[in-house]
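In order, the protein sequence lines correspond to chains R and D. So that you can map any letter, position 131 of the first sequence is 131 in our numbering, and since no number is skipped, the others follow by simple counting. In our numbering, each residue carries its 1-based index in the second sequence increased by 363.
For the record, the hints were derived by calculation from the structure and aren't laboratory data. Among the clues, some could well be false.
Stated by the list, open to error - A partial selection of chain D residues facing chain R, derived with a Cβ cut-off under 10 Å:
1. S373
2. A442
3. I444
4. A448
5. T449
6. M451
7. F476
8. G484
9. K505
10. G507
11. T512
12. E599
13. L602
Keep in mind the model is a prediction, meaning the values are calculated, not measured. Backbone N, C-alpha and C fix where the C-beta goes; we use that ideal spot for every residue, glycine too.
There are 2 protein chains.
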Amino acid sequence: MRTIAVQTASASYPVFVGSGLLKTVPEKLRKQFGKERQRVFVLTSPEIWSLWGETLAAGFDEKPSVLFLPPGETYKRMAQIERLATEMVDAGADRSSLLIAFGGGIIGDMGGFLAAIYMRGIPYVQIPTTLLAQVDSSVGGKTGSNLATGKNLIGSFHHPQAVFADVSTLKTLPARELRAGLFESVKAGIIRDAALFRYLEKQSDLVLSGDEIALQKVIAASVAMKAEVVGIDERESGLRMILNFGHTVGHAIEAATGYKKLLHGEAVGWGMLAALELSRRRGVIAEKEAARIEAVIRAYGPLPPFRAKVDALMDAAGRDKKNKAGVRRFILTEGVGQSIVVEDVTDAELESIIAWTLAEAKR
Amino acid sequence: MRTIAVQTASASYPVFVGSGLLKTVPEKLRKQFGKERQRVFVLTSPEIWSLWGETLAAGFDEKPSVLFLPPGETYKRMAQIERLATEMVDAGADRSSLLIAFGGGIIGDMGGFLAAIYMRGIPYVQIPTTLLAQVDSSVGGKTGSNLATGKNLIGSFHHPQAVFADVSTLKTLPARELRAGLFESVKAGIIRDAALFRYLEKQSDLVLSGDEIALQKVIAASVAMKAEVVGIDERESGLRMILNFGHTVGHAIEAATGYKKLLHGEAVGWGMLAALELSRRRGVIAEKEAARIEAVIRAYGPLPPFRAKVDALMDAAGRDKKNKAGVRRFILTEGVGQSIVVEDVTDAELESIIAWTLAEAKR
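Throw the hints in and build the complete structure from the sequences for me.
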């Protein structure tokens with residue numbers, strides 16, 4: 001097991017990465033929260049609970065109360081937050097209760113948000129069960145819900161008390177989701193961790209085969225990179241923006257394809273190819289480095305083809321909520337482990353790399 | 364004009380109290396936020412906007428976008444937060460936008476909550492237009508929305524950037540609301556500010572007549588008391604609990620009468636009589652002091668009569684969300700300006716003072 005400490009201005013908590021961690025959760029929570037009697041609530045999906053619920057629940061003296069959220073973005077909405085909060089009230093949850101978010105990224109985002117606003121905030125713990133959630137969304141304190149007009153437009157910064165990334169739960173994850181989640185680790189390597197990049201470059205077969213030791217290494221390194229960045233810039237006023245590498249175009253692709261065609265990681269994969277192409281065109285990266293980066297992104301593919309209109313992507317990119325007061329920030333790479341934030345990407349440049357990306361994605 | 368500084372662990376901001384402040388808002392905001400271009404959104408009620416909107420909007424270079432929330436607890440719900448957030452997205456609000464909550468307590472609570480969770484938090488300003496909101500709810504950072512099962516069960520701690528309590532806006536406030544709001548100032552005097560209590564005791568006629576100078580004095584003192592308490596204990600883990608004097612029974616009365624019969628301040632008035640009676644029975648207060656306190660509470664009445672069942676009030680008091688891990692905290696008074704928190708109030712004691720209160724309220 002590896003333990004990574006997240007330390008930000010407003011919170012500090014451990015991220016545990018290892019195999020067979022689920023069984024250790026109750027004991028660790030008892031240690032962390034002392035003997036104070038706390039009611040425990042678990043937010044999970046029916047599928048995860050049927051696969052792993054018994055393993056998690058076994059060690060609790062008092063069985064946790066279970067709340068369910070069906071899978072899919074359709075349920076990542078305020079009406080569900082209201083329903084879940086009402087169920088918690090009815091079950092007697094108070095300010096000393098603890099919420100465990102046990103599932104993928106949507107469960108983590110919604111569980112964190114529910115904990116953030118239930119009685120103005122209760123503590124919570126993340127147990128991510130998808131690779132994407134383990135390497136990315138469970139760490140950093142971003143929580144939220146969608147609006148009809150866009151993803152994650154409502155939310156809070158609310159850090160968990162602990163994160164348990166149990167590599168064993170990935171055994172039941174569909175292969176496509178494992179592959180897609182790895183793009184966030186590829187991103188971690190590209191923007192800041194050259195050693196992680198080299199490992200992903202050399203051991204792609206082992207990693208993609210789902211080897212637990214290899215995955216533990218990749219997850220721990222990805223989390224450590226994110227923890228460091230978030231520790232320096234909790235609220236995304238500076239450095240944290242580099243985590244959006246591949247996300248400006250990635251988010252636009254997701255929006256323009258109705259969040260149905262591609263998984264988030266796959267859209268980020270395409271978005272990283274776009275950001276790399278723009279880095280090449282601007283001459284901020286040497287071709288040799290660019291070729292290495294492109295080869296690794298493609299090695300974790302193949303990225304699924306998709307079709308969309310340039311205009312639709314431009315509209316979606318313009319509405320990217322990361323843009324403050326009208327400035328379009330864009331993350332470029334100068335080489336493996338190196339990223340920069342630029343603010344002067346023109347509409348013409350953006351349109352041109354979007355057209356390039358669409359041409360690549362049609363093949 | 365009086366300026367009170369609120370300084371907590373997580374925020375510091377001014378509360379301006381005075382006459383004719385609305386006109387000064389745009390200039391003060393320009394000073395506070397510098398020249399950075401910020402879109403301004405105003406959440407208000409149709410009535411407040413028709414009475415005071417022009418006065419507020421006059422000084423803005425770019426007219427603010429106005430969002431409306433109809434009056435009443437019915438609209439203090441998550442569905443309205445979702446609608447308002449969607450309207451903000453459609454109108455182009457981003458993370459650099461500023462929200463002004465311009466109205467009574469519900470507008471303040473909902474506006475603060477909307478600002479807390481819109482794109483994970485944007486800055487906001489409170490312009491309370493009821494006495495209750497000016498002396499109490501606009502200061503301290505508590506924001507929230509109701510659930511069907513209870514009030515303020517969903518929310519955030521999110522401090523405003525500034526509060527403008529314009530006494531002039533109270534001219535259009537119904538007399539009953541003025542009277543009801545003053546109970547929170549009476550509370551402020553009882554629990555911590557003996558000088559404020561004496562002023563309210565001696566000048567009750569002047570204060571109740573709506574004299575602007577007298578109200579300014581009362582509002583400023585009430586805000587200063589709350590600011591001090593919140594500065595010491597932002598998250599209600601200790602001292603802040605004294606602000607709940609009169610609120611355990613007060614909230615129960617509101618719940619048991621369906622939030623229709625009494626205004627919040629009136630319910631708190633009854634709740635303070637109940638807390639005073641319990642203080643007498645426990646012998647923690649000298650009778651002379653108790654008589655003074657009772658006289659002042661009654662001077663700001665008459666409190667409207669109501670009927671309810673003891674059981675209904677007991678149920679409602681038991682569900683009071685202020686109780687952590689099953690402990691029922693209760694605030695008593697030891698004399699003018701002095702309050703204590705106790706945790707050993709038995710069901711029998713509570714039932715007995717509730718029965719006493721109901722008998723008083725029937726007369």
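Verification of the hints:
| no. | hint | result |
| --- | --- | --- |
| 1 | S373 | holds (8 Å) |
| 2 | A442 | holds (7 Å) |
| 3 | I444 | holds (7 Å) |
| 4 | A448 | holds (6 Å) |
| 5 | T449 | holds (5 Å) |
| 6 | M451 | holds (9 Å) |
| 7 | F476 | holds (8 Å) |
| 8 | G484 | holds (7 Å) |
| 9 | K505 | holds (7 Å) |
| 10 | G507 | holds (7 Å) |
| 11 | T512 | holds (5 Å) |
| 12 | E599 | holds (9 Å) |
| 13 | L602 | violated (17 Å) |
In terms of the numbered hints stated before, the structure departs from hint 13 and from no other.
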